[in-house]
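A.B. asks: Model the placement of chain B on the given structure of chain A, informed by the hints.
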Amino acid sequence: MCPRKRKPPVTPPAANPDGWAGFTRRAFIKTWSAGTLTLAVGHNAMSSETAQPDETLAADEPVQLTLDVNGRPHAVLVEPRWTLLHVLREELGLTAAKSGCERGECGACTVLIDDLPRYACLTLALEAEGRRIETAEGLMDGGQLGQVQASFMKEDGLQCGYCTPGQIMAAEGLLRQNPEPTFDEIRRGMSGNLCRCGAYASIFSAVADAATHRKG
Amino acid sequence: MLTPFAYVRPASLQDAVAALTEGNAHIHAGGTDLLGCLRDEVFGADRLVSLAALGDLAGLRETRDGGLDIGAMTTITDIAAHPLVQRRYPGLAQAAGEVASPQLRNQGTLGGNLCQKPRCWYYRGDFPCLRKGGHKCFAVNGENEYHCIFGGANCFIVHPSDIAPALVSLDAEIETAGPSGGRRLPVSQLHMPPEQDPTRETLLKPGEVIVKVHVPPAPAGLYSSYRKVRTRRSWDFAVAGCALALVMDGDRVRDCRVVLAAAAPIPWRSPETEQVLRGQTLDDAVIRKAAKAAVANARPMTKNAYKIPLFEGMLLEELRKAAQV
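Chains as they are written, first to last, in the numbering used here: chain A, 1 to 216; chain B, 1001 to 1325.
Hints were generated in silico from the structure; no laboratory data involved.
Yeah, the Cβ is synthetic: ideal placement off N, Cα and C, and Gly gets one too.
Each hint should be verified, as a subset may be incorrect.
Said to hold, decoys possible - Quick look at which bits of chain A chain B covers, simulated, 3 or more residues with Cβ under 8 Å:
| no. | region |
| --- | --- |
| 1 | 56-65 |
| 2 | 167-181 |
Claimed, not checked - So these bits of chain A aren't anywhere near chain B, every CB distance computed over 10 Å:
| no. | residue |
| --- | --- |
| 3 | N70 |
| 4 | A75 |
| 5 | L77 |
| 6 | E79 |
| 7 | R81 |
| 8 | P117 |
| 9 | R118 |
| 10 | A150 |
| 11 | G161 |
| 12 | G189 |
| 13 | A201 |
| 14 | R214 |
Looking at chain A on its own, in the form it has when it is part of the complex (with noise of 0.2 Å):
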């Protein structure tokens, strides 16, 4: 599919002076020409104040970006038009969202962003800087699985599983949002996530579940 030649993994820049709750959007977006070997030298440079106003980034220099992810800072070399799905997925190795439509129709790659539920196939990783985002992965308690994922279980809301971190987090962002949703609240707000297994009566009922639990 990629028919240029992928560049070598390169060092997480050094780490921001201001930290990583005070961080810029500047001081995390630099441009280089991976291809240099003086790519220190070269982000050292970019990072500093005097950068253009505004920032183009070329369609063939991948670029380095911090996601917080499951809140943690994850420094990433990414390509323009690489998505928040494909980094998570193929750069960070976390797989719970799963590629399925890659339009936006069928919610196998939903994860919360700033705690709202959001396809990650449409989103570009570029558009997901400075943002929270949380994957099924992060709502685990240690080892332990977090209540939305406890009710999946629970209710078996789910037969082949391929969609259930989407729901999982679909149901995340809506509990977040309206802790106790009437039946059809809860349709509505699971409205963006396909089950070909036909799986939605089940579903329904741990999103309930969930709900009822989250509240003790």
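C.D. replies: Showing chain B alone in chain A's frame:
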């Protein structure tokens, strides 16, 4: 994997406009329609100009005249959930709430919704159709059950937006920025009739960007609503829809705008329906006559005549609801 493109984060609106006038550039607003089109190679892009960092393009603000300004980068979710929209312009809140799925509403923007590409399967598929610079509309002799019954001169798409008909019914205007300055334009004049140019969806010029939408103050007695009919109860594009904005004086319709969705290549105002309603008491005889008038001039294609009773029935139900208020 998408075909490579450069990505521009403009520092200002002026820079965005400038970046859009170079090469084959496209605006990245929410990106939901854009990335789908790029993936399906409906069109290509050398560069994307992201408006996400221009924070002042998002948000809703009441204006001094009692109307509402909605920034072009405001998400559909934020429009649907806004208390002022729900209270004053329920038709707009309903339309926004019926758009796509929760995920897409959380990401999709007002400007993107107004400028989205049609969902015609020939246009989206591997067909060199008129809209893509080809010679013919494949829907004419093809699978046209979801195509238009009004306004299809040479290309027979339906406009896919739910929000645009609601905004037209409320007489909203867009404000743009562009290479030769900005302008204001009624939403009713934003979309391109295919007989004028079947390859463009809007009258926006190259490099012109929608900055915000202004919804005028709600007149006393305003009743507004939006109804969307899909082929399934889960999320989908409309097969039929209607936006009503009736200015009521007791049970009499003082003024009205009736705009049909998924009926024509552009949001389709129905002067026939409005003429029947204007000045009349909203009784059942008037309602039946108005619903009939809405489809009197429809020109169905080979497989979409079902839309005629569908639109008529939908208008009957929606006008009866309005009469009960």
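A.B. asks: All hints are to be evaluated individually against the structure, with a verdict given for each.
C.D. replies: We went through each hint and held it up to the structure:
Here's how the region 56-65 of chain A fares: 5 of its residues keep a CB closer than 8 Å to some CB of chain B, so the rule of at least three is met and the hint holds. Check on the region 167-181 of chain A: 3 of its residues sit with their Cβ under 8 Å from a Cβ of chain B, so the three-residue criterion for coverage holds. No beta-carbon of chain B is positioned within 10 Å of the beta-carbon of N70 of chain A; the least distance is around 19 Å. With a closest Cβ-Cβ approach of about 18 Å to chain B, A75 of chain A is found to remain outside the 10 Å limit, as its non-interface label requires.
For L77 of chain A, the condition that its CB be more than 10 Å from all CB atoms of chain B holds, with the nearest at approximately 14 Å. The beta carbon of E79 of chain A is not kept farther than 10 Å from every beta carbon of chain B, the shortest such distance being approximately 7 Å. Against the 10 Å criterion, R81 of chain A falls within the reach of chain B, whose nearest CB is about 4 Å from its own CB. For P117 of chain A, the non-interface assignment is contradicted: its Cβ lies about 5 Å from the closest Cβ of chain B, within the 10 Å cut-off.
Interface exclusion of R118 of chain A from chain B breaks down, the closest Cβ pair being 5 Å apart, not more than 10 Å. Non-interface call for A150 of chain A relative to chain B: holds, since the shortest CB-CB distance, roughly 23 Å, exceeds 10 Å. Against chain B, the non-interface label of G161 of chain A holds: every CB pair exceeds 10 Å, the least being about 20 Å. Not every Cβ of chain B is farther than 10 Å from the Cβ of G189 of chain A; the closest lies at roughly 6 Å, contradicting the non-interface assignment.
The Cβ of A201 of chain A lies farther than 10 Å from every Cβ of chain B, with a closest approach of about 14 Å, so its non-interface assignment holds. Residue-level check passed: R214 of chain A sits 18 Å from the nearest beta carbon of chain B, beyond 10 Å.
The structure shown violates the earlier hints numbered 6, 7, 8, 9 and 12.
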